[in-house]
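*Asks:* Two chains, two frames, a set of hints: combine them into the complex.
Each chain, letter by letter, is given below.
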Amino acid sequence: MARGRGRGLGRWLVSGPPIAYLIVFFAVPSLIMVLASFRTPGEFGGLAPLYEDGHLDLNLESYLRFFEELVYARIFVKSVWYALLTTLFSLGLAYPLAALIARSSKRYRDLLLLLVILPFWSNFLIRIYAWMIILGPNAALAKTVNGVLAWFGHGPVPLLFSSFAVLVCLVYVSLPFMVLPLYANLEKHDPALLEAAQDLGASAWQRFWRITFPLSLPGVYAGAALVFIPALGIFAIPDILGGPEDSLIGNVIKQQFLETRDWPFGSVLSIVLTVAALAIAGLAAWVARGNLGTPSSRREERA
Amino acid sequence: MALLEIQNVTRRFGDFTAVDDVSIGIEAGEFFTLLGPSGCGKTTLLRMIAGFDLPDGGQVLLNGEDLADRPPERRPMRMVFQSYALFPHMTVEGNVAFPLQMAKTPAAEIGPKVVAALEDVRLQGLGKRYPHELSGGQKQRVAIGRALVTHPSVLLLDEPLAALDAKLREEMQIELINLQKEVGITFVYVTHDQTEALALSHRIAVMNKGRVEQLDEPSKIYGFPRTRFVADFIGHCNLFSGPVRGRADGVLTLDVPAIGPVRIATRSPLPLGQPGTIALRPEKIRIEAAALADTRDNHYRGTVQELLYMGDVTVYKVGMPGGAQIEALLANSQSGRARFFEVGDTVEVSWPVDAGHFIEE
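These protein sequences, in sequence, are chains E and V.
For the first sequence, the residue numbers in the working numbering are 56 to 358.
For the second sequence, the residue numbers in the working numbering are 96 to 456.
Isolated chain V (complex conformation) (with noise of 0.2 Å):
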């Protein structure tokens, strides 16, 4: 059994699904990701994990007790919010200790804890300050250390570092996955952004429209989509659709409009005839002048028609001559070489029958 059990729970307000019919086990020392575009649900989900909300169907078990008739306040979860929520007329110290006063922990040992869960965030010496007086990342980091102060069994992130600018995003997240580390706490982590679902999570569960697509860990979500809605939203992914034509040798080929047949290794038995869909990451793929590619390889000639340059990597848009575009990418390794080709160029796209992933659908 899972310590927190979400059973076939479902929300709905009005005629909208918000949640439909979902069931999720989150393991003890877990970090878990909900990931997923805004109006997925995932928020939905968390708050009613949290107890802000209530599902119209199903059950939320912590440790295989059914939580519908505890409210927030009486749940051992603790959420951390997407605006801090900290409390203005309170000092850093404050906010980490009202918890505990909530709890009625002993006076004489909330500053023990209170001093404690501020070194386990790294705010040592910001006690007396005022939420105002605090930076963004600091302010992030009171959050997390209030609902962290009382140790509780779960931990629920809802876009914590949405509010961030990039480059403390990433240092928050090396610090998120220490601190969860150290403190053994599960996590249910609330996010749109894959890139920090995949560099945060254990496991991530993908959410459209209100149900789980995928649950996988972050190099089978990213390597292994199961459906094109994952393929798509993970990433830059080109996604080759159409019948399949041919099947040999444990290769399928597909007839894909405006590009031709493209091969795929893959043991899906889908008959022929039947459509599916081939996902190709563009860092998978081969950009050169001329035909090297061997012959197991899928070969195209088309022409630059967009580059966007990066810095680490330049992204090329090779149009083919039935009108479909490929999404290349091309790490700039070499120095003093930013670019390898002009928009205008022939090139030849080529990768692999193994380098993509066979979708049934």
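Okay, chain E solo, but in the shape it has when bound (with noise of 0.2 Å):
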């Protein structure tokens, strides 16, 4: 008994505090958002106060504006496109990279996975500028690509300040998040299954697509989850790099927090895209469980 207890305890002390950060700092405001959602905007910014002549100010009024006005849904599925953009070229270029890491001997690895983090120890916002010099008018690559354009009699481009430019960088920042659960995975498969299917008659390529790929997916899942979230919300990106075209779903919330201030409407739009991201990461889960994954995701968890 005393020991149960004692157990307990020390469960307590050891869970405790992160639970108690989880409540204070992330159950709680978010629902004081989801609060502030159904409230009137204040007259200066901010928030109209919460009674008001005896009677409890709440109302859907920036709900309906979210439904009502096209161009923020417009805005949110430009979003999700752009997120899927992103996830989908950062795993095509993750994989080779997650697989030759995997693949290679243990003292590279090790220098290899270094140099994948490596762009973590410089500042987020000084490596998205730095792609303005990159893409920038007067740099190398604009000064080529517009040079090989102007050959087939084609007008210059511009590089910067345009959805290519959002892309680029959003596939930049993402990619060690794709590759670092891709070479998790990838480490741990044992080389005596591709050596089995190539004995069985299996070619590379079906070695690939019937053995690598399918026992990867959980790494791909794992990667494109970090990729995708983050991706559907990043407002920097767009702002610093984007054409007055490319403003995503952060940029407008951000907009409503700090130069509009209208909380209530940014509420709503937080909602909607925790809601959205939730339905999507769900339906991938669905989908992945029904038609691909079952034998992988059983394995997970077993091991």
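To be clear, the hints were calculated from the coordinates, so they are not data collected in a lab.
Among the hints, a few may not be true.
[What the hints assert, rightly or not] If the Cβ cut is set under 8 Å, some of the chain E residues that face chain V in the computed set are: (1) D245; (2) L248; (3) Q261.
[What the hints assert, rightly or not] Per the computed footprint, the stretches of chain E lying under chain V, defined by three or more beta-carbons under 8 Å from a beta-carbon of chain V, are: (4) 251 to 259; (5) 264 to 275.
We put the beta carbon where it would ideally sit given N, CA and C, even for glycine.
*Replies:* Rendered as structure tokens:
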């Protein structure tokens, strides 16, 4: 009895602080935001008083606005599209890289992993500004591209302040988050499986699609979640590198809170974003469980 | 011409010669075993047959055709891996169907072939399971069924039973023998376990340091080892070495240090003074309380120094006055009596001159 109680206390001492932290700094603010979404914006920004003339001021005005003014839904769809493209491009670039690292010898492996996380050592914003220089009109890249286009009789195109710049930088920023979970997965693969597949008549292409790729799906899902969800809400990259047409939902939310100071509408947009991210992740998990990943996820459960 | 010809195959890794000029011919329908300690080159040789590794010298021929340009996926051979290498994301059926799909077998034929293969390895009804839901023995059967489903001309097995416990291993050995008889496919089997090799094989190549020391039937390998290494590696063996001191009526006398003169019936023409070795199995030695031996026997008095009670038999290590130790084995065939002698007992060990086997080295 005494031992059991002691163990219970120990468990609370260990898991209590993080739970308390999450309640105070995540759950409560989220609830405040949900509450704010039903309130009226204040005359000079912020929120109007909750109690006025003895009645509670809660309404659906901000939600109605979101569904009536299609421009927001359109930006929403565009954001999902950009996040999706970012995820796909990151996956396409990260997979060969992760496979290369997983197959290289132990000595080079640590060095290559270090190189993957090296960008984290410099400031996020500085790295985005660096892209302004790389993609700028006077940089070698733009001059080469426009030189080639001129050859074909095409006028010059700006690389900077375009959706191209936004996507390139989104992929750049996301890449390590895709590489690391993929590497962690691929590194655990038993090389005997590939030898067995080869022995049983599978070509290199078949070995990849029938063995390596299906077994790497847990890593693909983890990487996709780590890339897709942040990419959906990002605002700094479109702000700095995008043109006027490249505002994403993150920019609109930031605008509502910091410039327009319409907190209820900003809250509505944030809530819709969260719900959309959860819905898409849930849908992906459901599709994966039903069609693709049953055995590998089962294997994960056992491990 | 044998089905599978290994001709002067050599494989080096840096300064280390893993396989050193090996030539073996394996016949169709044969259960052939490569036996040797770890590092003897048997697995390297098997991997070269499968195509995962290429020889630095020599050739591997199948039906007279050089396989050098054929990658593993295009060799009509299948390998059973020590770790089974079952695809964890596929069911048993999926695993067994995989080689058929790779061979572009029409979809309608795959189902019946998978069912037949699962029957061959006695896994009926387990087709929908995933590998992690199977026991070690069942996994092994899936691996074998998967390898046999396309009816390859040769099945390569790399220590397939090493991960199983002793009892299951014995059952699987019997099943392997029966299966090989049923399907009639050539088996090339790699193991370091000499009892397994003796029990399973039609012929055994005993390998040491990249070379084949002896290639023979199991009973010849056990009864007539050609080298000290083979005698020592296969089963337990007393090895008495010394110069030849005398010869009479087809019996050589060796002067063995720490034991004395030991006589052996042999046709060996080894001249006097040359060193030779007598290999003598412990079960061929009689051990008695007092001298009963006839004059044609070798007999020596000694003291029981150690004994190992193994249940069915007891192993006695008898110390000679000169310091040598002779290992003898007695079957515990009398009920109610586990041991005949105790440590410290003085005993007489003896064996007929034709009980051992003479090795010229």
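*Asks:* If a hint holds in the structure, say so; if it doesn't, say that too.
*Replies:* Structure-based check of each hint:
1. Taking 8 Å as the C-beta cut-off, the interface hint given for E/D245 holds, the closest approach to chain V being about 7 Å.
2. Satisfaction of the interface hint for E/L248 is found here, the shortest Cβ-Cβ separation to chain V being roughly 5 Å, below the 8 Å cut-off.
3. Look at E/Q261: its Cβ gets to within about 6 Å of chain V, closer than 8 Å, so that hint holds up.
4. Counting residues of the region 251 to 259 of chain E whose C-beta lies closer than 8 Å to any C-beta of chain V gives 8; at least three are required, and the coverage claim holds.
5. Look at the region 264 to 275 of chain E against chain V: 4 of its residues bring a Cβ nearer than 8 Å to a Cβ of that chain, three or more, so the hint holds.
In summary, this structure violates none of the numbered hints.
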